[in-house]
Amino acid sequence: MLQNLVVMMPAIPLLMAIITYVYSKQLQKHVAKLSVLSVFLAFLLSLVLLYSAIADNQSLVVSFGEGWGILLFDPLSSLMSAVISGISLVVHIYSVRYMADEEGYTRFFVLLGLMTSSLLFMVSAGDLIVLMIAWHLIGVFLYFLLGHDTRNQASQRYAMWTLITYRFGDLPLVLAAALLFDAYGTWSLVDLFRLIGEDASVKSIAGLPVVEVSGLLIAISAFARSAQFLLHSWLPYTMSGPTPVSALMHAGIVNAGGFLINRFAPLYMQTHDVLHLMFIVGLITSIIGSMLMLTQNDIKKALGYSTMGQMGFMIMECGVGAFSLAVFHLIAHGLFKGTLFLGAGGVIAEARKSDGVPKNELYTFVLERQAKIKKQPWLVMAAITLVMPLIILVAAHWLVEQDYFQKQGAIVLLFFGWVTGAQLVFSAYKMQTSNPWKLFTMIIASFAIVVIGYTVISHGFNVFLYPDPNASDLLYVAAGVDLVWFEIFVLVITLAVIAGWLMVYYSDRTAKGLQVKKSIWLNFYALLSRELMVMDIYNWISKRILALAQKLNTLLRWN
Amino acid sequence: MSAEWLLVAFFFPLFPFSMVFMLLYKKFANPWLKILLVLTWPMIGVYLVYQMNITIPDWVQYWAVLTSVLYALRSLVIRDIEIWTAFMAVSLWAVFWTVYPKHDMSMLSQAVMGFSLPLSMLILLSTELRRRFDSVYAGLIGGIADSLPRLSRILVITMLAIIATPVFPGFFLMLVSIVDQMLVVPVIALTLAVSWFLWTWSGVRLLQGLITGSPHESGVEDLSFSATLFYGGALLAIALLGLLLAGELL
Chain H
1 MLQNLVVMMP
11 AIPLLMAIIT
21 YVYSKQLQKH
31 VAKLSVLSVF
41 LAFLLSLVLL
51 YSAIADNQSL
61 VVSFGEGWGI
71 LLFDPLSSLM
81 SAVISGISLV
91 VHIYSVRYMA
101 DEEGYTRFFV
111 LLGLMTSSLL
121 FMVSAGDLIV
131 LMIAWHLIGV
141 FLYFLLGHDT
151 RNQASQRYAM
161 WTLITYRFGD
171 LPLVLAAALL
181 FDAYGTWSLV
191 DLFRLIGEDA
201 SVKSIAGLPV
211 VEVSGLLIAI
221 SAFARSAQFL
231 LHSWLPYTMS
241 GPTPVSALMH
251 AGIVNAGGFL
261 INRFAPLYMQ
271 THDVLHLMFI
281 VGLITSIIGS
291 MLMLTQNDIK
301 KALGYSTMGQ
311 MGFMIMECGV
321 GAFSLAVFHL
331 IAHGLFKGTL
341 FLGAGGVIAE
351 ARKSDGVPKN
361 ELYTFVLERQ
371 AKIKKQPWLV
381 MAAITLVMPL
391 IILVAAHWLV
401 EQDYFQKQGA
411 IVLLFFGWVT
421 GAQLVFSAYK
431 MQTSNPWKLF
441 TMIIASFAIV
451 VIGYTVISHG
461 FNVFLYPDPN
471 ASDLLYVAAG
481 VDLVWFEIFV
491 LVITLAVIAG
501 WLMVYYSDRT
511 AKGLQVKKSI
521 WLNFYALLSR
531 ELMVMDIYNW
541 ISKRILALAQ
551 KLNTLLRWN
Chain G
1001 MSAEWLLVAF
1011 FFPLFPFSMV
1021 FMLLYKKFAN
1031 PWLKILLVLT
1041 WPMIGVYLVY
1051 QMNITIPDWV
1061 QYWAVLTSVL
1071 YALRSLVIRD
1081 IEIWTAFMAV
1091 SLWAVFWTVY
1101 PKHDMSMLSQ
1111 AVMGFSLPLS
1121 MLILLSTELR
1131 RRFDSVYAGL
1141 IGGIADSLPR
1151 LSRILVITML
1161 AIIATPVFPG
1171 FFLMLVSIVD
1181 QMLVVPVIAL
1191 TLAVSWFLWT
1201 WSGVRLLQGL
1211 ITGSPHESGV
1221 EDLSFSATLF
1231 YGGALLAIAL
1241 LGLLLAGELL
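First to last, the protein sequences are chains H and G.
One point on numbering: in the numbering used here, the residue at position 279 of the first sequence is 279, and numbering is uninterrupted.
One point on numbering: in the numbering used here, the residue at position 45 of the second sequence is 1045, and numbering is uninterrupted.
Fair warning: there could be bad hints in the mix.
Keeping only pairs whose Cα atoms sit at most 30 Å apart, straight-line, the calculated DSS-like set for lysine-lysine is [what the hints assert, rightly or not]:
hint, chain 1, residue 1, chain 2, residue 2
1, H, K551, H, K518
2, H, K203, G, K1026
3, H, K543, H, K301
4, H, K551, H, K301
5, H, K353, H, K301
6, H, K551, H, K300
7, G, K1102, H, K543
8, H, K33, G, K1027
9, H, K551, G, K1102
Just so you know, these hints were derived from the structure itself, not from any lab.
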């Protein structure tokens, strides 16, 4: 019974897309309703399967052939299926009216159905071939969805750029799959992970371990899909596509990198250096994404870079071994970013009537710039900034798992949590309100609620996705570094952050200001406003390649 | 070692022997002759390799993948669909040098067909375009997604089949070639991946010059329902061939 549901869930949107395409002339606008119905059914089935996964915590395998053609339903795929079909259902319903006046209404719903089906096949793939087919097709369908308006040159240009980046990212996955198949002789993910667990020392190119090389290749695929730095440039520019596609892309498709890394968690448990690379790439991406977001004057591009920053954080979580936390992050991010996109039109319409900003302390500070300056003792404020978030974070984690502090990855996450919390309190200090203690209490209370909620839920995710405590521990071990270096790293970064804050508190108090050359800031800002010139460099490279092709053709007389 | 394999280099084209195919292809004005050439040319290669039992040095594989990359790279700036088809044919067929040692003649023949059939379809589609616009030049024709929706959809899917998109045969063949080479000669696998990447780039560039933008001409007749059914059926058959091949190859 459940096996049938596993097959039906991704198949229903696919079949409906094909049927509605064939009969589009007869069905006309009813195509949308049927498309919504198919995704609604898929969503219901995914909920049944999720319930079954929570109740039994068993993996289901459905095989259609020898070697490949396998669907795997484990906690990860059941959770992701529910999220994807849920978000897709919302996007479908939203699109029924939103796209009503657009040309190619039927085509849009057919593509949306095909995309949903591909995403569901991707998360329920039980072998490398099905995974690669779905992975490739997502890029192709996204290209057509982003370029839905065939007359819009900008959307066509960036749809193509997205496809090119995706294809660049698809190929490492193919290479990794080939390597794994050559080494272990199976396409099945279940068998593959079992064999890797038994012997992870199989060597490949230049005597390097297969798991290490394939782990790196899979990570590159995930980087391209999740817009990590240097493979990110497609994301902020894809806003010319229809809003529902942006919502689906930011809420679902871009998260595929996090899913892929989690899918290959048994492989990453056996690696040594790949997770460190993930951490570094994720860290750089989150910092650069956030900086670029702050410098944008185009709100849609700012949202694009915000997603990039979040994806960086998600990959960074994988890099410290907190795989389940990355899944929680991608779901939470998907929900809030999807809401932002789908709500954008309504917010703009409302804002035309009224800005809707309550005239409270925040309003006075941000918009009217009429803050009442009532300075608090800087030393007291600095102490609160540094200590309060730490107490809350430690207490929250102590609550769910007492040996949490033995894991390096967990410490790194605590560190980031602490920096975030302290920055929050620090920002409150900078707001200089007339009643700072009330504001502080509220901020600290909100922070505590968020941290405790986040900790408890992520702990729940970990128990669900990685019920074997050894698996979770192995990931943390794989992400670990030499203890001495780790402590030095944490200490140096902590001191740098604390020194920065203290300097700002002190200079603010003494009104001396920070002594940094203005030209450095200006140049830095100019560089950021050019988006670090990444697109310029890519354009230059592609022009050179095309020029080379042109020269070769002329030289060889087009033969 | 005999140099008989050089004969094969004309039919599984290796640069510069590939120029012979290119010249012949351009010489044939009739689309049916072009199709005949595209379908039979690599089959002669298959016949030579297996029936004459020719021994081929290993290093030829490097030459083959470089030929594939060369033509894929050059196809990036081609705007004429018919010429693009010929460039892609050379780039795709060169891949067979990396596949043939591990597979029998019947399998290789099917695989060659898997590559050649979408190319033949594209030649047919280019005649449909020429009949309507007197040209098959991307940029000169434009916006057919709006003016000729049926033709543009068939064209898009055919292009996807050529650039080795799942579930068409090209995808599985590229996968098999990479699997065959990855542990033995990883450089070849990587070069094949580069070719694959360039096909996508090239195909999408060409497509964008044809289907997007505002229609350049109005009142042009779209594909008839029966022709659409024919082309659609052919594409479905090619996709099924891909799945069958995948079942046997993987």
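Cross-check of the supplied hints:
no.	hint	in the structure
1	H:K551 / H:K518	46 Å, violated
2	H:K203 / G:K1026	48 Å, violated
3	H:K543 / H:K301	25 Å, holds
4	H:K551 / H:K301	36 Å, violated
5	H:K353 / H:K301	24 Å, holds
6	H:K551 / H:K300	39 Å, violated
7	G:K1102 / H:K543	39 Å, violated
8	H:K33 / G:K1027	52 Å, violated
9	H:K551 / G:K1102	37 Å, violated
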